[in-house]
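Engineer: Given chain V's structure and the hints, the job is docking chain H onto it.
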Amino acid sequence: MTGRQPARRAGALDNIELWMEQRNADVRRLGREAERAAHEALGHAARTGQQLVAPRPSDVRALGARIIEQRKPQSKAAAPPAGSSSSQIARRPTTSQPNARPPAPRPVVQGVRDQFLAGARGAQDAFTFGLGDRLYAGAQALDDAAHGADLSNAYGSRMAVERARDQYDARHYGTARTVGQVVGAGAQIAALGPLEGVVAGGARIAQATPLIAREFAVLGGVGGASGVGGQIVSDIARRRVGSVGDYVGAGVGGAVGGLASGGGRFGVTRWRGGRAGYAGALGGAATSVAQDLANLRAPSFDRAREAASVGGAFGVAGGLAGRAWSNGLPNAAKGKLGEDFSRLRTWARGDKSTRGPKSREYLQEGGWTVPDQRSYRGTMLRDIVESKFGRSARLSKRQLQASEQPLPNYRVDHTLPRDVGVVVGFPAAEYGFRSFDDGEPR
Amino acid sequence: MLGIIRSLYVLDPVSVGSSTVSEVRSRGRTMGWMCSWVAVQGAAKSELLDALRLVETGEPVEPGSRSSGMSCAERPGGWLILFSEDFDWADRDRVLELSRFGLTVGCQFEDKVEMTSVACAARNGEELWRVFHINDPIYRLDVSGDPPGEFASIRDKLFREQEEDGGEESDADFIHDIPLEVAKAVCGYRADEDESPFIGLMRIDGSADAGGRRKVGLLGILLSPFGPGGKWQLRRRDRSFM
Numbered sequence: 000m001t002g003r004q005p006a007r008r009a010g011a012l013d014n015i016e017l018w019m020e021q022r023n024a025d026v027r028r029l030g031r032e033a034e035r036a037a038h039e040a041l042g043h044a045a046r047t048g049q050q051l052v053a054p055r056p057s058d059v060r061a062l063g064a065r066i067i068e069q070r071k072p073q074s075k076a077a078a079p080p081a082g083s084s085s086s087q088i089a090r091r092p093t094t095s096q097p098n099a100r101p102p103a104p105r106p107v108v109q110g111v112r113d114q115f116l117a118g119a120r121g122a123q124d125a126f127t128f129g130l131g132d133r134l135y136a137g138a139q140a141l142d143d144a145a146h147g148a149d150l151s152n153a154y155g156s157r158m159a160v161e162r163a164r165d166q167y168d169a170r171h172y173g174t175a176r177t178v179g180q181v182v183g184a185g186a187q188i189a190a191l192g193p194l195e196g197v198v199a200g201g202a203r204i205a206q207a208t209p210l211i212a213r214e215f216a217v218l219g220g221v222g223g224a225s226g227v228g229g230q231i232v233s234d235i236a237r238r239r240v241g242s243v244g245d246y247v248g249a250g251v252g253g254a255v256g257g258l259a260s261g262g263g264r265f266g267v268t269r270w271r272g273g274r275a276g277y278a279g280a281l282g283g284a285a286t287s288v289a290q291d292l293a294n295l296r297a298p299s300f301d302r303a304r305e306a307a308s309v310g311g312a313f314g315v316a317g318g319l320a321g322r323a324w325s326n327g328l329p330n331a332a333k334g335k336l337g338e339d340f341s342r343l344r345t346w347a348r349g350d351k352s353t354r355g356p357k358s359r360e361y362l363q364e365g366g367w368t369v370p371d372q373r374s375y376r377g378t379m380l381r382d383i384v385e386s387k388f389g390r391s392a393r394l395s396k397r398q399l400q401a402s403e404q405p406l407p408n409y410r411v412d413h414t415l416p417r418d419v420g421v422v423v424g425f426p427a428a429e430y431g432f433r434s435f436d437d438g439e440p441r
Numbered sequence: 000m001l002g003i004i005r006s007l008y009v010l011d012p013v014s015v016g017s018s019t020v021s022e023v024r025s026r027g028r029t030m031g032w033m034c035s036w037v038a039v040q041g042a043a044k045s046e047l048l049d050a051l052r053l054v055e056t057g058e059p060v061e062p063g064s065r066s067s068g069m070s071c072a073e074r075p076g077g078w079l080i081l082f083s084e085d086f087d088w089a090d091r092d093r094v095l096e097l098s099r100f101g102l103t104v105g106c107q108f109e110d111k112v113e114m115t116s117v118a119c120a121a122r123n124g125e126e127l128w129r130v131f132h133i134n135d136p137i138y139r140l141d142v143s144g145d146p147p148g149e150f151a152s153i154r155d156k157l158f159r160e161q162e163e164d165g166g167e168e169s170d171a172d173f174i175h176d177i178p179l180e181v182a183k184a185v186c187g188y189r190a191d192e193d194e195s196p197f198i199g200l201m202r203i204d205g206s207a208d209a210g211g212r213r214k215v216g217l218l219g220i221l222l223s224p225f226g227p228g229g230k231w232q233l234r235r236r237d238r239s240f241m
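Chain order of the listed sequences is V and H.
FYI, the numbering for the first sequence is 0 to 441, going by numbering that gives the first Met the number 0.
FYI, the numbering for the second sequence is 0 to 241, going by numbering that gives the first Met the number 0.
Just so you know, these hints were derived from the structure itself, not from any lab.
One or more hints might be untrue.
What the hints assert, rightly or not - Quick list of the computed label-pair ranges, beta carbon to beta carbon:
id, chain 1, residue 1, chain 2, residue 2, range
1, H, 136, V, 243, 51 to 57 Å
2, V, 197, H, 139, 19 to 25 Å
3, H, 149, V, 379, 42 to 48 Å
4, H, 219, V, 377, 26 to 32 Å
5, V, 112, H, 225, 55 to 61 Å
Every residue gets a Cβ at the ideal spot worked out from N, C-alpha and C, and that includes glycine.
Chain V with its partners taken away, still in its complex shape:
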C-alpha cells in the first residue's frame, strides 16, 4: 500500500495541473468572449446613440461578463443589458438628460491613476493626430478577427469604444485630458525640427552676418502678406467671404510665422531659424488665436492646437521638399541661388546691389578677394558682400583674412537649403492648416 501512495499522489497532482490548465484556458476564452461581447455592445450603443461607457479594461470585461450571463437563459440578443447601478458600467443618461451621473467615488490612488491615464490618452491623441486610436483599434480588431469575429465589424466596434472613451475622458477628466493634449501637441511640434533636419541639415558658419531688425521687419511683413494671401485662397476655395476679423487674424498670424522663420540671438536666447515646421506651427496657432480675438470670441484652444499641428506638418512637408530640391541643384545654380538670397537681404536692408563686373578687394597681408556684390544706399557704399550656399561652404583662407582684418563692411551671407525650405514650406503651412479648419467658431 505504502508503495503505491506516491504514485497515487503523483496522479492527483497531474490531475490538478490538468484541471488548472483547463481552468486557465477557460478563463482566457471567457475573457476574450466577454471583451468581444462588450465591444459589440459598445459599438452598437455608439451607432444607435445609446450612452454606454466602460472606461477601464476591467469595466469592459465586467460588461461583457454580464452580457454573456444575460444571454444564457435568453436567445442570442446582441443588445446590451439595461444599466444597473451597482457597477462602474452604466448606461449613461443621454445628452438630453441634464443630470448626468458622475462616476462613482473611487479611492484616491485610483482617481489619480484615472486622471493620469486620461491625460496620457489626450497626449497620445494630440501627438498622433488621433492615429493612435486607429492603430490600437486596428490591432484589437485583428485579434478579434483571429478569434472568429468579422474584421470590419470588430474595427467599427473597437473604434466606437475609443471614441466613447475619449468623450468620457473629456467629460469627466477634462483638465487632465487638456493638459495631456497640450503636452502631446508640444511634443509633436518639438519633434518637427529634428524631423526636418533629416534632409540637408547643416549649420551656418560663425562669420555669417546675422539678420538686423529691418530684415526681421521685412520677414514679418512678408509673413503677414502670406497669411492674408492664404486666407484669400482659402476663401475662394470654400466659396465664402471671410470676415474682417479673419483677415486681420490671418495677417497677424502670418507675421508671427514669418518672424519665426528668421533666426538670431535675442539676449541669452538663440533662435535657430530656417525651420518651416516651427514657423508653420507658430503661424497656424497665432492665426487661430488672432482670428478668434479679432472676431470677438474666446480663443479656442482646440482650434489653435489643431492649426499648430496641421500647419507644422505642412510646413515640414514643404520644408523637406525645398531642402531636397535646392540641395540637389548643380553647384553653379547653388552659387547663383546664394547670390540671389544676398540680393534679397540687401533689398530688405533698404540698400541696392550693384550690377556688372566684380572688382577686387586687396587685403593687408597680401592677395585679394573678389566679393560677389557691393551694396549702396544712394552713392554711399554699405556692404561688401560674399555669398555662400550649402552645408559644405566655408570661408577660404583669403575670405578669412578679409573677415579678420577686418575688411570694413564685409558681409558674409551663408544661405542653407533650410532657408529654401522655409520659402517653400511656410506658404504651404499657411494654406495647409486652413484647409483643415472649418473656419467656424468653437
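Structural biologist: Below, chain H without anything else, positioned relative to chain V:
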C-alpha cells in the same frame, strides 16, 4: 521666388572657348570664384588661341571680375595663362588636349558651395599628377600620380593651419588652398595673388560675347537636380577626378 528660381538659369554671355550652348546652359551662369585656368609652357600664343578658336579683344581684364568670359596673360618661364570664369572649362579633357603644346598645368576652384579645388599637370596627352579637394570632409585630399616636390611641405603647412583653426569644426577651409599652392609651385601663377592685368578673349566669330540671355521653362528648373551637375542624376561622375 519664382523670379529668383528662374534667374538661376538666365545666363550671362560670359562663357567662351569651345563650350557649346548646351554646355553653357547646363552649367548655369558662371560666377565669381567659380573659375578655372590652364597654364601652358613654351607654346606660341597664336597657335594656342587658334586651336581654341579665340582672339584677343585688346581690353585689359581682371580675372574673376566676370567682365570677360576668358582672358590670357604671358608670365615668366614661357608660361601662357588662359583664365576662364567657368569652373568646368579647365577640366581634365581640356588639360590633356592642350598638353600637346607643352607642359600644361590646370586648376579649377570654387569657394562658394563645396570649396572644391583641383590642380593637375599633363604632357603630351598624358596626365602626370592630380590633386583634388572638396569639403566632404574638410581634410579630404585625393592625390594621384607624382606631384611636384613642394607638395609635401605645402600639404603639411596647410593641414597644420587647419588644425590650429579648429580642424573639422573650423569655419574656414585651409585645405582648399593646397591645389592652388601646388599649381603655383609649378608655374608661378595663383589667381588671387597675381595683380597684373590680363587681356580679354573672344571667339573668332565673336558670337559668344554677342549672345543673348536664355531661359528654360519651369519644368526644366524643377528637374534640374536630375540634370548635368545635379545631385540626383542617375549616372554620377567620380568627383575625385572631375
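Engineer: A separate judgement is required for each hint: does it hold in the structure or not?
Structural biologist: Cross-check of the supplied hints:
The hinted window of 51 to 57 Å between residue 136(H) and residue 243(V) holds, with their beta carbons roughly 56 Å apart. At roughly 24 Å, the beta-carbon separation of residue 197(V) and residue 139(H) lies within the given 19 to 25 Å, and the hint holds. Taking the beta carbon of each, residue 149(H) and residue 379(V) are about 45 Å apart, inside 42 to 48 Å as hinted. Restraint check, residue 219(H) to residue 377(V): a C-beta distance of roughly 39 Å breaks the suggested window 26 to 32 Å.
Evaluation of the 55 to 61 Å hint for residue 112(V) and residue 225(H) yields a pass: the beta carbon distance comes to about 56 Å.
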